[in-house]
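Q: Read off the chains here:
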Amino acid sequence: MKLVIAIVHDEDAKRLLEELTEHQFRVTKLSTTGGFLKAGNTTMLVGVENEEVEKVKELINENCKSRKELLTAPAPVSGTTGVFIPHPVEVTVGGATVFVVDVDEYHKY
Amino acid sequence: MKLVIAIVHDEDAKRLLEELTEHQFRVTKLSTTGGFLKAGNTTMLVGVENEEVEKVKELINENCKSRKELLTAPAPVSGTTGVFIPHPVEVTVGGATVFVVDVDEYHKY
Amino acid sequence: MKLVIAIVHDEDAKRLLEELTEHQFRVTKLSTTGGFLKAGNTTMLVGVENEEVEKVKELINENCKSRKELLTAPAPVSGTTGVFIPHPVEVTVGGATVFVVDVDEYHKY
Ligand code: NI
Ligand code: NI
Ligand code: NI
Chain A
1 MKLVIAIVHD EDAKRLLEEL TEHQFRVTKL STTGGFLKAG NTTMLVGVEN EEVEKVKELI
61 NENCKSRKEL LTAPAPVSGT TGVFIPHPVE VTVGGATVFV VDVDEYHKY
Chain X
1 MKLVIAIVHD EDAKRLLEEL TEHQFRVTKL STTGGFLKAG NTTMLVGVEN EEVEKVKELI
61 NENCKSRKEL LTAPAPVSGT TGVFIPHPVE VTVGGATVFV VDVDEYHKY
Chain E
1 MKLVIAIVHD EDAKRLLEEL TEHQFRVTKL STTGGFLKAG NTTMLVGVEN EEVEKVKELI
61 NENCKSRKEL LTAPAPVSGT TGVFIPHPVE VTVGGATVFV VDVDEYHKY
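As given, the protein sequences belong to chains A, X and E, one line each in that order. If you read the first sequence in this note's numbering, its first letter stands for residue 1, the second for the next number, and so on. If you read the second sequence in this note's numbering, its first letter stands for residue 1, the second for the next number, and so on. If you read the third sequence in this note's numbering, its first letter stands for residue 1, the second for the next number, and so on.
Treat each hint with caution, since some may be false.
If several chains are the same, the list does not tell them apart, and a pair holds so long as it fits within one copy or across any two.
As the list claims (entries may be wrong) - Heads up, simulated EDC-like pairs for lysine to aspartate or glutamate below, C-alpha to C-alpha not over 20 Å straight-line:
no.	residue 1	residue 2
1	14	90
2	29	10
3	2	58
4	29	11
Honestly, the hints are just simulated from the structure, not real lab data.
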C-alpha cells in the first residue's frame, strides 16, 4: 500500500478531487497555505494499492499540470486621458508536487 | 520507529490531543481545512516506537470514531401561527483517517 | 530519496525557507495552524537525496532551534501614578520537529 501526497494549487484542487473521487479513490484533503483571503496550495493524501499509483499520477498530471495562461489586466479604475489598451500577460498557473511513500497501515474509524 | 498520520474532525481533535498527551505521546498538530469560520479536519503527527502504534490507534478509535448523533434544529427566528415541533435529525459526526508510515529519523530541535 | 517533514514555528519559517532555497533545496510549504490572526506552525516538505538529509537537518537546527529570548512587556496604556519599570520576561521561542521518511517517488508536474 502507498500514500500519495499531492500538493496542488487551489485552482486545480476542486477538479482533481472530483476526478479522484469519480475514479473511486479515497482522498483526504488537508489544508491550504495562506488562509484567509489568500490563495495557496491544497494538500491531498490518497491511500492506494501499489498498482493504482500510476493512475493517481496520471490524474494529477491531467488536472494540475503547470501551464501558461493569458491574463488580461482589468481596466484601471481612475480615468486616463489617453486610450487604454490592456496587454494580456502570460502567467504560469497550476503545477503539482507529488511524493509517494510506502504505508504500513491504513485505517478508517 | 513509526509516524502515525491521523486526520480527525475538529470536534474530536481537542479530546484526542488531551488523551494522547496524557498517555505521554508527543503530538505535532498540523492545521485544519476550511480556515476562517469553517469547521474542518485537524491533522496530527505522532512519532512512536513500533510497539506503541496499537495504543495510538486504540485512542483514536475511542475518541474519534464515526458515530450518529441526534441534532435538534433550533426554533425558527420569525414567528409562526401554528405550533412548532422541532424534529431531531440524525447526523454522522467524527471519524478519522489514519496512515502509519515507517520513519527513518525523528528529531526535536 | 528521502522526504524531510519539518514543522517549525512561524517566526522561523521565513528564514529557514530562504536558507533552504539558497542551498538549492526544493521546499513545499504546507500550511499553518491557528489560521486567521493566530500564530502557529509551518510545515515544510523537502524531497532530498539520501546524502543531503544531514545538510537539511543542519539548516533546520541553525535557524529554528528552541531558544530563550528576553521579552520586554510594553508600557501600560492607561496612566499610572508611580514609575513604571518594565521587567523583561524570558520566553522560549522557536523549536522544530523533524521526521525523515523514505520516499518511493518524487514528481513535479
Ligand atoms: Ni476521469
Ligand atoms: Ni486514557
Ligand atoms: Ni547558508
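Q: Run every hint past the structure and note whether it holds.
A: For each hint, the structure was consulted:
no.: 1; hint: 14 x 90; verdict: neither (23 Å within a copy, 28 Å between copies)
no.: 2; hint: 29 x 10; verdict: both (11 Å within a copy, 14 Å between copies)
no.: 3; hint: 2 x 58; verdict: within (16 Å within a copy, 22 Å between copies)
no.: 4; hint: 29 x 11; verdict: both (14 Å within a copy, 17 Å between copies)
Checked against the numbered hints listed earlier, the structure breaks hint 1 alone; every other hint is satisfied.
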